[in-house]
Amino acid sequence: MSIEVKNIHKQFGNFQALENLSLKVESGELLALLGPSGSGKTTLLRIVAGLDAVDKGQVLFGDQDAQNQKARERGVGFVFQHYALFRNMTVFDNIAFGLKVQPRHLRPSKVQIREKVMELLNLVQLEWLADRYPWQLSGGQRQRIALARALAVRPKVLLLDEPFGSLDAQVRKELRLWLRRFHDEFHITTLFVTHDQEEALEVADRIVVMNKGRIEQIGTPEEVYHNPANPFVLSFLGNVNLFHCRLAEGKAFIGDTALDVPGLSVDHPKTAKLYVRPNQFKISRGPGKGDALKAVVEYVNPAGTVVKVNLKTENGERIYVEISQDEFNQLRLIKSQQVYVSLKDVTYSEYVQDSI
Amino acid sequence: MHEPFVKKSILPGFSLSLGFTIFYLSLIVLIPLSMLFLKTSSLSFKGFIDVIMDPRTLAAYRLSFGTAFVSAGINAVFGFIVAWVLVRYTFPGKRIVDALVDFPLALPTAVAGIALTELYTPTGWVGQYLNVWGIKGAFSPFGITIALTFIGLPFVVRTIQPVLEDLDPQIEEAAASLGANRWQTLTTVILPIIFPALLAGVTLALARAIGEYGSVIFIAGNMPMKTEIAPLLIMTKLEQYDYAGATAIAIGMLLISFLLLAMANFFQWKTSKNLGKA
Amino acid sequence: MSARTEPKIIQYFLIFIALAFFGLFIVLPLVCVFHNALAKGWGIYFKTLQDRDAIAAMKMTVVTALIAVPLNLIFGVVASWAIAKFDFKGKNFLLTLIDLPLSVSPVIAGLIFILLFGAQGLLGPWLIAHNIRIIFAMPAVILVTIFVTFPIVARELIPIMKSQGNEEEEAAMTLGASGWKTFWLVSVPNIRWGILYGIILCNARAMGEFGAVSVVSGHIRGLTNTLPLHVEILYNEYQSTAAFAAASILALLAIFTLIAKSIVEVAVRRGI
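Chains as they are written, first to last, in my numbering: chain A, 1 to 356; chain B, 1001 to 1278; chain C, 2001 to 2272.
Honestly, the hints are just simulated from the structure, not real lab data.
Any given hint could turn out to be false.
[Unchecked claim] Capping the alpha-carbon separation at 20 Å, the derived lysine to aspartate or glutamate pairs in EDC-like fashion look like this: (1) K335/A x E322/A; (2) K2008/C x D1050/B; (3) K270/A x E350/A; (4) K282/A x D326/A; (5) K335/A x E350/A; (6) K2008/C x E1172/B; (7) K24/A x D65/A; (8) K270/A x E298/A; (9) K56/A x E29/A; (10) K1008/B x E327/A; (11) K1008/B x E2265/C; (12) K282/A x E327/A; (13) K251/A x E223/A; (14) K2261/C x D1242/B; (15) K1007/B x E2167/C; (16) K1008/B x E19/A; (17) K294/A x E350/A; (18) K308/A x D345/A; (19) K70/A x E2006/C; (20) K1007/B x D2087/C; (21) K1094/B x E2265/C; (22) K344/A x D291/A; (23) K2181/C x D93/A; (24) K2040/C x D2051/C; (25) K24/A x D205/A; (26) K1007/B x D131/A; (27) K1094/B x E2006/C; (28) K1008/B x E73/A; (29) K1008/B x D2087/C; (30) K344/A x D260/A; (31) K212/A x E185/A; (32) K6/A x E19/A; (33) K2181/C x D260/A; (34) K1094/B x E1165/B; (35) K273/A x E298/A; (36) K100/A x E73/A; (37) K110/A x D131/A; (38) K273/A x E249/A; (39) K308/A x E350/A; (40) K212/A x E73/A.
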C-alpha cells in the first residue's frame, strides 16, 4: 500500500518540527528518511503511524484519508528505536500480543496464534528464545523480536525508527543486510528513519534527505550521492572539500593557481564554491602537464580499504583526499613530501553573487 | 503560538484520570485543609496575634523549632557518615543496616516514643549513664532532640545515598590525579556535589521534626513553658474546645515552616544552578 | 590503595561511628520494645494480647487499613497515569498539592477534620441534626488515616511510570490494542512491583498513625481505639508490660514491612 503525506505541519511549542512537507511512498518501496537529529524524521514517522497528530495537512493510506483512523486502526507495524518490548511478557507473548488483543470475532485460535508466532520466530531465526524475557536478550535479538512482533498483525506498512541505531557496528551491518533481503522477499511498504548515511545508502530504494522539518532531496542512493541537490545533502552524505575560487577562461583560480575543472562551462567570470569529494582528486609527484595545486603531505593513513591523505596547500588550505591502495603504492607518499593535486571531477558547484 | 493545556497524546484516559485525581485530592486534602484558613478568617487579627504571641505559645514554638534544628544538624553529620559508609565500604551486616535505615519510618511513632522514653529515663539503659554525668535524658529538650533525631535519620540518609551512588568515580580520580589528597577531594569536590541533596534531606527531616507528635510526647514531659512542643499545645487547646486558639497556633506553625522550606528551596535552587545541574 | 578509598584505619573509624550511631538510635529502641514486652515472661505477654480492648484495637487498626489502603491505591494508580503519561500545564503544582499531607503535622491533620466535622465545625450542626457521628467515631479515624497516607502510593508509582515512558503503550496501540487493554495488559503489569511497594508503605503508615488519629478518635476504648492509641493509654496508665506487648505487635509489623520492602526493592532493581 502506498502512503502519502500532503502539506503537513507540526509544531512542538515554539519548535517547528515539520513545515509544509509532502511525500509519497510508493507501494512496496523501501524508503529511508535520512537527516540529522531534530530534522523531523521521527516526527514524520510517528505521524504516519498515528502516534502524533498533524497540526495541518493530510495523511493518506492508498487513497484513503487516515485523518480519523487511530493508531490501532491503521494497520501499521511500528518498530521503536528502543524496541519497546513489553518487559512483563516473554518473547512469545510479545509477538502474540497483536493477535491476542484483536476483537473476539477476528481473533485467531490459540493454536493458530502459536503457529503464527513460531513462524515469525523462524523468520527472524530466534525460535529458541520464545520463553525468554526481553531483558535476557541482546540488542540485536531484541531488534528482531520487535520486528517479528510488528509483523504478526500483517501490517500494510512497516515503520522503523532508527532500527539499528543502538546496536554494535558488527550487528548493525548484519541486520541491515537482513532487512534488505527481507524486504526483497516480502515487499511490504517500508519507511525507516536513520541518521546514518551509510545505512540509508546501502539499504534503501530511495532516500529522503531531511533538514529542519523540510525535505532537501528525494532520490535513489545513487542520485543523492552523486547528484546532490544542494550543499546540505552533499555534506550530509559523506566527506567533502570546499574551495572558494574564481572561475574564468574555463578554469578555476584558487589563489594564483589555475585548475582545470572537468565538466564545468564558464561563459563569463564569476566567483564560485566548489565541492569536491575526497576521491575526486588526483595526486602526482611531479607538476605534470596541466596546472595543479602544490601541497605538502601532512598525514597518511594507509589502514583500511582506501588510503586517507591529509594535505596542506601553499595557501594554507587543508584538503582531505582518499586514494586507492594501488595509487598509494605507486606514489609512495610519506609525511612532509611535496605533491601536486588536480581535480578529476567536482560533485557540486555553487555560484556566489559578485559583490560589485 | 497558543499552547494547549495538555500536549496531544494517543494514550487515552487523560480527562478521566486527571478529573478523578483532582476530585479525590479536593475531597481528602484540599477541602479539609482549607478549613484552617476559613477558621482563621473568623478570628480577629488581634485575637490571632494574642494567641501566637502568648508566652506559652512562643515557648512552644521556640522548643519545637529549636529541637528540630538541632536534630536536623545532628542528622546532617551522622546521616552523611551512615550514607557514606553504606555506599563506599563493605562490612558484615551491611544489607541489614541498609534495610534498617527505614525503620523509623516504618515503626509507628507511639512505639518509638515509649521505647525511647524507656531508654532515656534516669533508670533506663541509656538514661542511667547520662544521669551519672548529670544530664537529664527523658523529660527534657535533650530527650525531644533524641526522638526527633530518630525520626529524621532516614530522610537524610535516603536523599544522600542515591547521589553518592551516582557520583562519577572519574571526578574523584581526576581530583586525585591532580594531586588532591582525600580530605581535599572530599571538601572541594564531593561535598559541593552532595550539598544540594544533603540540604534537601535535612529540610525534609526538619519539616517532619517540626510537626512530629507521637514519638515526642512520651519523652518530652510536656511541662508548659519548658517541654511542651507546639503540636501538643494544639492538642491541649483542642481538648479545651478552644478551636480558634488551636487553629491560630497551627497557622503560625505552618507559616514558619513554609518560610523555612521556601528558604531551603531557594538556597537549593541557587546551589544546583551554580553546579550547572550536571 | 585506589584513588577512591581512604586508609583502612579511617574506614574502620567511620564504620564504627556509623554503626555506633545506628545502634544507639535504631537498634537499641527496637531491642527495648521486645525486652520490655517480654519482661514478665511469655505467658503474661500472650495474656495481655488477648485482652478484650487489645483485640478490639487490633480489629480497628486492620479495618482502617483495609479501607484506607485500597482507596489510596486506586488514587495512586489513577493519579500517576495522569501525571506520568501526559504533559499538561500546572503539573508541578498538582504534584506539590498531592505531597501536602506529608508536610503537615499529624496534629494539624486531625485538627482540620475537627474543624470540618466537629460539633463547632462547619458541618457539625448539620451532622448533629441528622444524628451522624463522624468525629470521635470510626469515620473520622478512617478519614484522617486516608489523609495522612494519601500521597504514599502515588509517590512510588509516578517516578516508576515516568521512567518507563510511553513507548510500550504506543507499541501496544499500533498492534491494535484498545486503551483499556493497553492499560491492563501493559501498564499495570509494568508497575506491579511499584504497586506492591506502595501498598506495603501505605499499610505501615495507616496501621501506625498516631498523632492524627489521636486528635479525632476520642480514645473510646473498644470503639475508636486503634492499636497505637491503645499503646498510649496503657503506657500512661503505667501498665508498661502490656503497653510494650501491644507495641511489639506494631514493631513486628514494622520489621515485616522492612523485609517485604527489601525483597520488592531487589525485584524492582532487576526490572522484572
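For the pair supplied as a hint, K335/A and E350/A, is the alpha-carbon distance within the 20 Å limit? Given pair K335/A, E350/A is violated - Cα atoms ~33 Å apart, limit 20 Å.
Below or equal to 20 Å on CA atoms is what counts here, so check K6/A against E19/A. holds, 11 Å
Keeping to a limit of 20 Å between CA atoms, is the pair of K251/A and E223/A held or broken? violated, 26 Å
Checking one constraint from the list: CA of K2008/C to CA of D1050/B, max 20 Å. Satisfied? violated, 59 Å
Hint consistency between K212/A and E73/A [alpha-carbon to alpha-carbon, up to 20 Å]: With a Cα-Cα distance of about 30 Å, the restraint between K212/A and E73/A is violated, given a limit of 20 Å.
Satisfaction of hint between D260/A and K2181/C, Cα-Cα up to 20 Å: violated, 69 Å
Does K212/A pair with E185/A here, judged by a C-alpha cut-off of 20 Å? violated, 34 Å
Below or equal to 20 Å on CA atoms is what counts here, so check K1007/B against E2167/C. Roughly 16 Å separates the two Cα atoms, so the pair holds.
Under the criterion that the straight-line Cα-Cα distance not exceed 20 Å, is the pair K2008/C, E1172/B satisfied? holds, 18 Å
20 Å limit on alpha-carbon distance, applied to hinted pair K1094/B and E1165/B: holds, 15 Å
For K282/A and D326/A, compute the direct alpha-carbon distance and say whether it is at most 20 Å. holds, 13 Å
Hey, K270/A versus E350/A, does the alpha-carbon distance stay inside 20 Å? holds, 10 Å
Comparing the model with each earlier hint shows violations of hints 2, 5, 8, 9, 10, 11, 13, 14, 17, 19, 26, 31, 33, 35, 39 and 40; every other hint is respected.
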